[in-house]
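Asker: Next come the chains, spelled out residue by residue.
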Amino acid sequence: MLKDLIKSGNSPWTNGTGEDKDVVLCTRIRLARNFAKYPFPLKQTEQSGQSVLADMSAFCKDHSNLKFYDLQDVPALEKQALVEKHLISPEHSKDDHACRGLAVNEDGSISIMINEEDHLRIQCFAPGLNLQELWQKANVLDDQIESYFDYAFHEKLGYLTCCPTNLGNGMRASIMMHLPGLVLTKRVSILDQLGNFGMTVRGLFGEGSQSLGDLYQISNQSTIGQSEQDILTNLQSVAQQIIKEERNARNFLKEHNGLQLSDRVWRAYGTLANARSMSSREALELISLVRLGYSLGYFSQLDLAQIDQMYMTAQPGYLQVLHGGAMDDVARDTFRAEKLRSILA
Amino acid sequence: MYCELCKKNPATIHYTKIVNGHKEERHICEQCANHLKEPIGSFPTLGLMPDFSMADFIGGFFNPENQSQPFVQKNMSAHDACPVCGMTAGEFRKLGRVGCSNCYDYFSDYMPGLIQRIHGNSCHTGKVPIRGEARLAEKQRVVSLRQELQSAIQQEDFERAAQLRDEIKKLEQAGDQNA
Chain A
1 MLKDLIKSGN
11 SPWTNGTGED
21 KDVVLCTRIR
31 LARNFAKYPF
41 PLKQTEQSGQ
51 SVLADMSAFC
61 KDHSNLKFYD
71 LQDVPALEKQ
81 ALVEKHLISP
91 EHSKDDHACR
101 GLAVNEDGSI
111 SIMINEEDHL
121 RIQCFAPGLN
131 LQELWQKANV
141 LDDQIESYFD
151 YAFHEKLGYL
161 TCCPTNLGNG
171 MRASIMMHLP
181 GLVLTKRVSI
191 LDQLGNFGMT
201 VRGLFGEGSQ
211 SLGDLYQISN
221 QSTIGQSEQD
231 ILTNLQSVAQ
241 QIIKEERNAR
251 NFLKEHNGLQ
261 LSDRVWRAYG
271 TLANARSMSS
281 REALELISLV
291 RLGYSLGYFS
301 QLDLAQIDQM
311 YMTAQPGYLQ
321 VLHGGAMDDV
331 ARDTFRAEKL
341 RSILA
Chain B
1001 MYCELCKKNP
1011 ATIHYTKIVN
1021 GHKEERHICE
1031 QCANHLKEPI
1041 GSFPTLGLMP
1051 DFSMADFIGG
1061 FFNPENQSQP
1071 FVQKNMSAHD
1081 ACPVCGMTAG
1091 EFRKLGRVGC
1101 SNCYDYFSDY
1111 MPGLIQRIHG
1121 NSCHTGKVPI
1131 RGEARLAEKQ
1141 RVVSLRQELQ
1151 SAIQQEDFER
1161 AAQLRDEIKK
1171 LEQAGDQNA
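These protein sequence lines map, in sequence, to chains A and B.
So for the first sequence, the working numbering puts the first residue at 1; every next one is plus one.
So for the second sequence, the working numbering puts the first residue at 1001; every next one is plus one.
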């Protein structure tokens, strides 16, 4: 099942559905939890690490929607693809015999990293902007796990985590947004202000202020002193402001620079539909323009799921898993171009 | 002018490198500059800057030299270790992370200031584990029974004191079994 999940171009953030989908690809809620009876992964022994895996494996047996995997048995390329799909962190894909495990459901909307920095990193994903429903889902799953095992909890500090920055509710809620309008109108600097509202921003791919493919992730910063509900309400209203600004920017571009914009968008489409070799970087840049064009009504023959699946196709690990083995750069770029053409054909 | 490294792209970055008095002019493209981890432009030492690490950042809070007002109240030797997981004060300072739940007690004199610096407000107000809630209530019940016991002893009501002692014992035993 894991291989099917990895090979599927369909993930919660690429299935083209959900609220405010023109701007928000997907929402994620992550809870950091530790079992009371074992030392944290940083100080665990082989034995205590294996006990955590065994406990979660037993939990998954009772909850048939979740499948348990010992990551030591998963090939490196597949782990890379899991990172690209945000199901595990880059740290968790390391081959370091640290008793790393994964529990995941069939469509990849739930993923529990086992023995990452904390015993459990419970992650729930939903397409589009969907904080409330997602919190309900994560909360129920958290209760289910807690009905089996005692969590490390302190009445003042909240859920105890390996890193003091996650103490409190241990919750990180993130919204992945596509912001080409703000980038093209050079207004992406408004994101720098989010720190004042207790939010952090980072590019989804690449580093620095300009994110590859104009994809940004906005998350809450603090985890203590505020209830989960307050944090989510705050994040929701900040996200709605950004969505409004992004739509304004897109409409401004279309109204005042329509020719230049449509030219760039259609050229991007033409390249994606015809190129014979394409790097991951170029693909992400072009997909962004096509996605922007789609939201402004330039393409009636496409749907959003097709466009967002191209994001997966841009990723090297995913591509090599599709191919069935490792490829060098040239082979990869050729195969990527072929896959992108077939999506748009 | 083409980039002197790849000889393909136009050179867009021009700089002078002086090493031990030896002057060298370089003309390269942006792509090559990215591969070249050499100091460039107006930030001559940028290439030498280590990657930012959150652990170092947190660890820095414990270095008294960094603090105008050191907030570590208790002096701990670097070898003092948490009795449960073996994390030493030195390791904690270096990694900025703890090894187990007990570390939060053991290093508690470090913590309040640290958590305030990270989070501002250092009291959890969110979700409480269901089972944890029951245990918390039990703990609080034991605390109040103990206070009652003290006052019973002071009032020399030994019959009541004996009752209270037994009740506390029962609660604590039950707590140990559940733990």
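Source of the hints: derived by calculation from the structure; they are not laboratory data.
For clarity, every value in this text was computed on a predicted model and none was experimentally measured.
Ideal placement from N, C-alpha and C gives every residue a C-beta, glycine not left out.
Treat each hint with caution, since some may be false.
[Unchecked claim] Residues from chain A shown here face chain B by an in silico Cβ test under 10 Å; the list is partial:
{"hint": "1", "residue": "Asp143"}
{"hint": "2", "residue": "Ser147"}
{"hint": "3", "residue": "Asp150"}
{"hint": "4", "residue": "Asp329"}
{"hint": "5", "residue": "Val330"}
{"hint": "6", "residue": "Ala331"}
[Stated by the list, open to error] Derived DEER-like restraints, expressed as beta-carbon distance ranges:
{"hint": "7", "chain 1": "B", "residue 1": "Lys1169", "chain 2": "A", "residue 2": "Gln229", "range": "34 to 44 Å"}
{"hint": "8", "chain 1": "A", "residue 1": "Thr17", "chain 2": "B", "residue 2": "Glu1167", "range": "54 to 64 Å"}
{"hint": "9", "chain 1": "B", "residue 1": "Met1001", "chain 2": "A", "residue 2": "Asp95", "range": "26 to 36 Å"}
{"hint": "10", "chain 1": "B", "residue 1": "Thr1016", "chain 2": "A", "residue 2": "Arg276", "range": "40 to 50 Å"}
{"hint": "11", "chain 1": "A", "residue 1": "Pro75", "chain 2": "B", "residue 2": "Lys1169", "range": "26 to 36 Å"}
{"hint": "12", "chain 1": "A", "residue 1": "Gln47", "chain 2": "B", "residue 2": "Glu1167", "range": "49 to 59 Å"}
Asker: Work down the list of hints and note, for each, if the structure agrees.
Answerer: We went through each hint and held it up to the structure:
Residue-level restraint check for Asp143(A) holds (minimum Cβ-Cβ distance to chain B is 6 Å; threshold 10 Å). With 10 Å as the threshold, the beta carbon of Ser147(A) comes within range of chain B, its nearest partner Cβ sitting at about 7 Å, so the hint holds. Interface hint at Asp150(A): satisfied, since its Cβ lies 6 Å from the closest Cβ of chain B, which is below the 10 Å cut-off. A cut of 10 Å between beta carbons decides the hint on Asp329(A): the least distance to chain B is about 14 Å, and the hint is violated.
For Val330(A), the interface hint is violated, the least distance from its beta-carbon to any beta-carbon of chain B being 17 Å, above 10 Å. For the restraint placing Ala331(A) at the interface with chain B, the shortest Cβ-Cβ distance is roughly 22 Å, beyond the 10 Å limit, so the hint is violated. Taking 34 to 44 Å as the suggested C-beta distance range, the pair Lys1169(B) and Gln229(A) conforms, at roughly 40 Å. For the pair Thr17(A) and Glu1167(B), the supplied restraint of 54 to 64 Å holds, since their beta-carbon distance comes to about 58 Å.
Taking the beta carbon of each, Met1001(B) and Asp95(A) are about 45 Å apart, not inside 26 to 36 Å as hinted. In this structure the supplied range 40 to 50 Å holds for Thr1016(B) paired with Arg276(A), their Cβ-Cβ distance being about 41 Å. A hinted range of 26 to 36 Å for the beta carbons of Pro75(A) and Lys1169(B) is inconsistent with their spacing of about 56 Å. Look at Gln47(A) against Glu1167(B): about 38 Å separates their beta carbons, and that is not inside 49 to 59 Å.
Checked against the numbered hints above, the structure violates hints 4, 5, 6, 9, 11, 12; every other hint is satisfied.
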